[in-house]
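Chemist: Spelled out, the chains give:
There are 2 protein chains.
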Amino acid sequence: MTPTITAFERSPDRGKGLARDMRVRWALEEVGQPYDVRLLSFKAMKEPAHLAIQPFGQIPTYEEGDLALFESGAIVLHIAERHAGLLPDDANARARAIAWMFAALNTVEPPIFDRALCKILERDKPWYEQRLRYLEDSIRNRLERLSVRLGDAEWLDGAFSAGDLLMVTVLLRLKASDILDEYPNLAAYVARAEARPAYKRAFDAQLAVFTAVPAG
Amino acid sequence: MTPTITAFERSPDRGKGLARDMRVRWALEEVGQPYDVRLLSFKAMKEPAHLAIQPFGQIPTYEEGDLALFESGAIVLHIAERHAGLLPDDANARARAIAWMFAALNTVEPPIFDRALCKILERDKPWYEQRLRYLEDSIRNRLERLSVRLGDAEWLDGAFSAGDLLMVTVLLRLKASDILDEYPNLAAYVARAEARPAYKRAFDAQLAVFTAVPAG
Chain A
1 MTPTITAFER
11 SPDRGKGLAR
21 DMRVRWALEE
31 VGQPYDVRLL
41 SFKAMKEPAH
51 LAIQPFGQIP
61 TYEEGDLALF
71 ESGAIVLHIA
81 ERHAGLLPDD
91 ANARARAIAW
101 MFAALNTVEP
111 PIFDRALCKI
121 LERDKPWYEQ
131 RLRYLEDSIR
141 NRLERLSVRL
151 GDAEWLDGAF
161 SAGDLLMVTV
171 LLRLKASDIL
181 DEYPNLAAYV
191 ARAEARPAYK
201 RAFDAQLAVF
211 TAVPAG
Chain B
1 MTPTITAFER
11 SPDRGKGLAR
21 DMRVRWALEE
31 VGQPYDVRLL
41 SFKAMKEPAH
51 LAIQPFGQIP
61 TYEEGDLALF
71 ESGAIVLHIA
81 ERHAGLLPDD
91 ANARARAIAW
101 MFAALNTVEP
111 PIFDRALCKI
121 LERDKPWYEQ
131 RLRYLEDSIR
141 NRLERLSVRL
151 GDAEWLDGAF
161 SAGDLLMVTV
171 LLRLKASDIL
181 DEYPNLAAYV
191 ARAEARPAYK
201 RAFDAQLAVF
211 TAVPAG
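Protein sequences appear in the order of chains A and B. Take the first sequence: its position 206, counting from 1, is numbered 206 in my numbering, and each next residue is one higher. Take the second sequence: its position 131, counting from 1, is numbered 131 in my numbering, and each next residue is one higher.
Careful, some of the hints might be misleading.
With a Cα cut of at most 27 Å, we get these calculated DSS-like pairs of lysine-lysine [to be verified]:
hint, chain 1, residue 1, chain 2, residue 2
1, B, K125, A, K125
2, B, K175, B, K119
3, A, K125, A, K200
4, A, K119, B, K125
5, B, K46, B, K119
6, B, K200, B, K175
7, B, K125, B, K175
8, B, K16, B, K43
9, B, K200, A, K125
10, A, K119, A, K46
11, A, K175, A, K200
12, B, K46, A, K119
Everything labelled a hint here was simulated from the structure, so no lab data went into it.
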């Protein structure tokens, strides 16, 4: 059965890979699972039909037969559990890959996402400059540890996994800044991931949503 | 084999249930799995021996034979996958419970944790009051949606699950404020969870670490 995911009809980044449906698209491409997309306006995201499957009124969601899921991390894990290619077979290696999924979303993403929000929503606040520096220090603190752990390895723990997939989507939000380039092995790690054919297919599919819709 | 977890030797909240080892203790108590605890000073958390199993220098970790895991969410999921009691048997219900785990840590926790940090780190800043109100508005936005979804139900989706466990540990950080009480069904939800014998055992075990160590 072909799953259906939801995505922004008008993405804040104009389809450049930062909206969270990208994670789900990429995971589906990695495992070779076709999918349908239902686009939602910001208004539709807050209406009862969508809130019934996404209690917080966000995207993406994932619907497959009787199953309706929300939270990009949970959706990626669901896909990774049901198809080969995103989690190792060995039980311990699998648990560690899942730990990297949580680390990406709970330890590395918060200051990176806060920085992005701060730059949009707090630019005119009295605390803006100081808070931005504080967040960038927090980001560097995380990236320093991540860079040491990655070292010269290609991926975080053995073969490419759902942990790498989520970590890269988190780090990609820093591409417009200079912060990522302060850690050359992390910048190379992100570039390696972006070069994966599945990533490119997902990116192109997300971008096509925007380029196919008249700008407004 | 008895797993070993790590926890703060000197907890910032003095063992009142807010440190993230509480999640792991509670999960282990729910499934009836005994465990050992290794206490770490803030200095030891940043040393190579700990960084080898927790790349970001945090607690908790989970060691069991050859397996070393980090990230409280991943550890709770690992426990829930290996023991009965924290995830439903039905595959779709199980996937939804995992979605609530991610929702707790990725959607509900960030503004709640930011508020706690703000109250500690930004109290003497000129923008403190304004920023606190801003964060509390973000928290109310999440809690409003969560309250609507929970409605009159006992737990978020059927029987008590690892999703409820993580959500309650996130909401507990609001207990010292009045915010949680603005949503009576959420306050009652947290109280129901705190009344669980497994929660009480975990809370008492965490508190005993602090009360057994001379204050300093």
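Chemist: Next, verify each hint and record whether it holds.
Modeler: So, going through the hints one by one against the coordinates:
Between the alpha carbons of K125/B and K125/A the distance comes to roughly 13 Å, so the proposed pair stays at or under 27 Å and holds. Proposed proximity of K175/B and K119/B is supported: the alpha carbons are some 14 Å apart, at most 27 Å. Proximity of K125/A to K200/A is assessed by CA-CA distance (about 38 Å); at most 27 Å being required, the pair is judged violated. Distance restraint check for K119/A and K125/B: the Cα-Cα separation of roughly 19 Å lies within the 27 Å cut-off, and the hinted pair is therefore satisfied.
Between K46/B and K119/B the alpha-carbon distance is near 25 Å, which keeps this suggested pair within the 27 Å criterion. Of the pairs offered as hints, the one joining K200/B and K175/B holds, with about 16 Å between alpha carbons and a cut-off of 27 Å not exceeded. For the suggested pair K125/B and K175/B, the alpha carbons sit about 24 Å apart, so the restraint of at most 27 Å is met. With a C-alpha separation of about 22 Å, the suggested pair K16/B and K43/B falls inside the 27 Å cut-off, and the hint holds.
For the suggested pair K200/B and K125/A, the alpha carbons sit about 43 Å apart, so the restraint of at most 27 Å is broken. Among the hinted pairs, K119/A with K46/A is consistent with the structure: their alpha-carbon atoms are about 24 Å apart, no more than 27 Å. Proximity of K175/A to K200/A is assessed by CA-CA distance (about 16 Å); at most 27 Å being required, the pair is judged to hold. Taking the CA atoms of K46/B and K119/A, the gap is near 31 Å; set against the 27 Å cutoff, the hint is violated.
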